[in-house]
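Engineer: Protein chains in written order, with UniProt numbering: chain W, 1 to 340; chain C, 1 to 347; chain Y, 1 to 309.
Don't read these hints as lab results, they were simulated from the structure. Please note that a few of the clues may not be correct.
Using 30 Å as the maximum straight-line C-alpha spacing, the simulated DSS-like pairs for lysine-lysine come out as follows [to be verified]:
(1) 92(Y) <-> 109(C)
(2) 91(C) <-> 8(C)
(3) 220(Y) <-> 131(C)
(4) 126(C) <-> 220(Y)
(5) 8(W) <-> 308(C)
(6) 52(C) <-> 220(Y)
(7) 122(Y) <-> 41(W)
(8) 66(C) <-> 41(W)
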Amino acid sequence: MEQEKIAKEMFSPAQLDSAKSEEISKPSLNYWQDAWLRVKKNKGAIVSLVIIAILTIMALVGPHLTGHTYEEQNLQHNNLPPRIPVLENVSWLPFDGNLTRKNGDVYNAYEQKNVEEYYWFGTDSLGRDLFTRLWKGTQVSLYIAFLAAAIDMIIGVIYGAISGFVGGRTDNIMQRVIEILSGIPNLVVVILMTILLDPGILSITLALTITGWITMARVIRAQVLKLKNQEYVLAARTLGLSNGKIISKHLVPNLAGVIIINTMFTIPSAIFFEAFLSFIGLGLQPPDASLGTLIDEGFKVLQLYPYQMIIPATVISLIMICFNMVADGLRDALDPKMRD
Amino acid sequence: MEKILEVKDLHISFHTFGGEVQAIRGVNFDLLKGETLAIVGESGSGKSVTTKALMRLLPESNSEIKTGEILFGGKDLAKLSDKAMQKIRGKEISMIFQDPMTSLNPTMKIGKQIIEPIIKHQKLSKSAAKKRAIEILDLVGIPNPEVRFEQYPHQFSGGMRQRVVIAIALACNPKVLIADEPTTALDVTIQAQILELMKDLQKKIDTSIIFITHDLGVVANVADRVAVMYGGKIVEIGTVDEIFYNPQHPYTWGLISSMPTLDSDDEELYAIPGTPPDLLHPPKGDAFAPRNAYAMKIDLEKQPPMFKVSDTHYAATWLLHPDAPKVEPPPAVKRRQREFLEMKEGN
Amino acid sequence: MAKYLTQRIIYMVVTLFLIASFTFFLMKIIPGTPFSNADKLSDTQLSIMIDKYGLDDPVPVQYANYMMNLLKGDLGVSFQFNNVGVTDIIIKSLGPSATLGGLAILFGTFFGVILGVVAALKQNTWVDYTSTFIAVLGKSIPSFVFAGLLQYYIGVKLGWFPVAFWRGPEYMVLPTIALAMFPLATASRFVRTEMIEVMESDYITLAKAKGASWFEIAFKHALRNALIPVITVLGPLVVSLMTGSLVIEKIFGIPGIGEQFVKSIQVNDYPVIMGTTLLFAGLFVLVILIVDLLYGVIDPRIRLAGGKK
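One chain only, chain W, in its complex shape:
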């Protein structure tokens, strides 16, 4: 048999390195390192982050690139389709300045109007440069995104944390307030606010401030209530840690994931809401540009000049998709249930 061949000396005691067997083979990663590894694996989320970054840069830089302001009108140059140097020679790209009449004739609007200038994304019915207006509108959307995130993180988190942490009568009162506020559909509050003030960026900002934080406050309160009774918090309390220390050392790090995930999901719905209000005429008013107003204006001439709606529609869809993808990716990465 095979085992007969084994040398005698093999049966002498082995030198065991006891330290080695206790070695932990997997490098230990903290929560954030682990989360970042997971986000990195999610290609959709990474691509989305890059697109958001590009859109943000364009929103800041874009309005200054063409030399036109967002409200400058040039009626001689109205309703010009997109035309971009170089790209205009690529036949399958819609950047050649051509338009199609209802009867199917294709003509070059720039030649017909004798326009030398290139309007990269075309002009609207008042001859305003759509490239500038588009990025101006994107600015509004990103401002709303930032605002919604800030409201969620500041009002929502603080309200929820106080309500959950203090408890008792305070919690009771704070919860009744939330119940009343959430009993009214968000839409109604926002619309009432926009009538109370004049439609515009200010009224949308205020409306969001009133309603935007409720979900976050609820989630945070529930989390705080759950965490408050966890053994390690009880232990910290027993050891005489102050409330402030308990909040900053134990609760906040555990809440961070929930806060980020919730904020990320608030952002696209806030962006949608602003665009939606502007679309139905309750948000920004012309000549101010928002993606919602651009789509509304484009929608009116959709059959003749489809580019006027399709370009802003693409941008807002892109923004929404990217924020949703990032939110999904972060949820998958930060949800402790998903960790193995």
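Starting from the structure of chain W, add chains C and Y where the hints point.
Structural biologist: Relative to the frame of chain W, chains C and Y by itself:
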């Protein structure tokens, strides 16, 4: 005695992000008609994976039976189609799970959950199946079975739920019953009741049982034979008496030493040092070697074969090699054995 | 159960009362006259109007009147249409809105559930990825963009369905699809997550161990358990339909509540705004109540406990 199930050289791997985890690395055993075979071992030793493989319940998305055969009634279960496997599950081989709180469908009446396999496998009418289900509920000791038949799982206590799970498993008089730690999640008093019930039912139905546990006390109570698993392999297999009174593998020694007994309160409880092997990168030699105080150089180089101790008793340790130095089991094992004997005589 | 129900209904009434008061006082502090053509009216005409609608009564009196009328189901008289009751206006435009909303939620949740179940059962296959893709688009593309594109490409270019108005079943197709996208996407994501979780649960393994077929496992055991939590998102979905219906009705020219509401806001027709707000709020609270009751019907654990989870 007649062999009802034969497992030959079973290898199972899981495909994870980190790579291939070789959870089962060559498992062999037979199950005889009417016997109870206990499989013991610590978490991650592969005992649950082995039995899930017998039922082909491992997730298809990330697990794979690499090689090996599971012979049952002239068929190799490892290669059976899904359709054919459905006819075996619940009818020929059935299973009891660890946690009765989660193993019943919360939105389906108890009765329906029991008659489901009866109608499916025995082709009985609904009313006949109901009659049979009530009989089984009665058999597993559930009072008022007619009333209980119409109730939902949340109206049952943990012990009662486990009785229901047993009733479901036994509904079609299976040839093999796999019990995956059926008492671990229960209160100690309920544990004893469920064990008694299983022993009792085994006699009545004449089924073979594979009993997975990490509790040697339970093993001594129910098993005819014992297989000790470590690192995805069976390291020792024998009758209950052989494993308890003549253990050969250092891991079995460790298990026995770390078993709490009534007298153990005056001494420190023994714990096997170290951690289970990383099956993502299985060791070249004996998987237990790094935790083995008796390890030899060969243990680090080569995996030990199964050495025969008696016709029924085998162990995979180089200590049984004729050239190996003679090693006595540690004194703790001897002490436990004395206690077992005293308990036995006391009974 | 009866006690629970009464308790919930009382709570509902209190919420609605608070909302009604809130809406009323908010409307009172809004600047401007309610008459859109105020500058064309002479002072006498204006004072007659103001007198007629009781606008110069002290605010508490107006409030009491409003509340009393509310109890009788009278939401007051519209300013923009002379002497037409708000209740009548709402009832008249309720039909198209309810039809559209009902169709959208039926269509959306039905296909959403199917898409979610299929994605969960075929996890990490092209089916799953396609379903994810549809869901991300459905959640992300604003309903007005989607409606506009549908109208242009399917209605105008392909001419398959009428582009606008509300004159028969074929007119319902495009608005229903546009409105159903969001519920479809939400339901499919939610069902997928739940279904995957349920499919990994112990009782599904036990069902497998009983010899149940793939079909029996998916539809007899898993689906019901996966659908229970989905009911909780129905509430928010109905609310999203209210929002959605505003733009969809505007785009497709459907004479529903949403369109009426937007018009009323533009001409400061307070009674209609208040009436609609109350209707929205009432629906909202009612939906939450129904969702809770539905939860009890479908989940035996709650039904027999007789209260909330």
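Engineer: Regarding the pair residue 91(C) and residue 8(C), is the alpha-carbon distance no greater than 30 Å?
Structural biologist: Holds, because 23 Å separates the two Cα atoms, which is no more than 30 Å.
Engineer: Would the pair residue 52(C) and residue 220(Y) pass a check requiring their Cα atoms to be no farther apart than 30 Å?
Structural biologist: 23 Å, holds
Engineer: Going straight from one Cα to the other, do residue 92(Y) and residue 109(C) come out at no more than 30 Å?
Structural biologist: 47 Å, violated
Engineer: Compare the distance between the alpha carbons of residue 8(W) and residue 308(C) with 30 Å, and conclude whether the hinted pair is satisfied.
Structural biologist: Holds - the C-alpha atoms of residue 308(C) and residue 8(W) are around 21 Å apart, at most 30 Å.
Engineer: Between residue 126(C) and residue 220(Y), is the straight-line Cα distance small enough, at 30 Å or below?
Structural biologist: 17 Å, holds
Engineer: Check the hint pairing residue 220(Y) with residue 131(C) against an upper bound of 30 Å on the C-alpha distance.
Structural biologist: With Cα atoms ~22 Å apart, residue 220(Y) and residue 131(C) stay inside 30 Å; holds.
Engineer: Quickly compare the C-alpha distance for residue 66(C) and residue 41(W) to 30 Å and report which way the hint goes.
Structural biologist: 29 Å, holds
Engineer: Given the hinted pair residue 122(Y) and residue 41(W), is their Cα-Cα distance within 30 Å?
Structural biologist: Cα-Cα ~21 Å, so holds.
In summary, the one numbered hint that this structure violates is 1.
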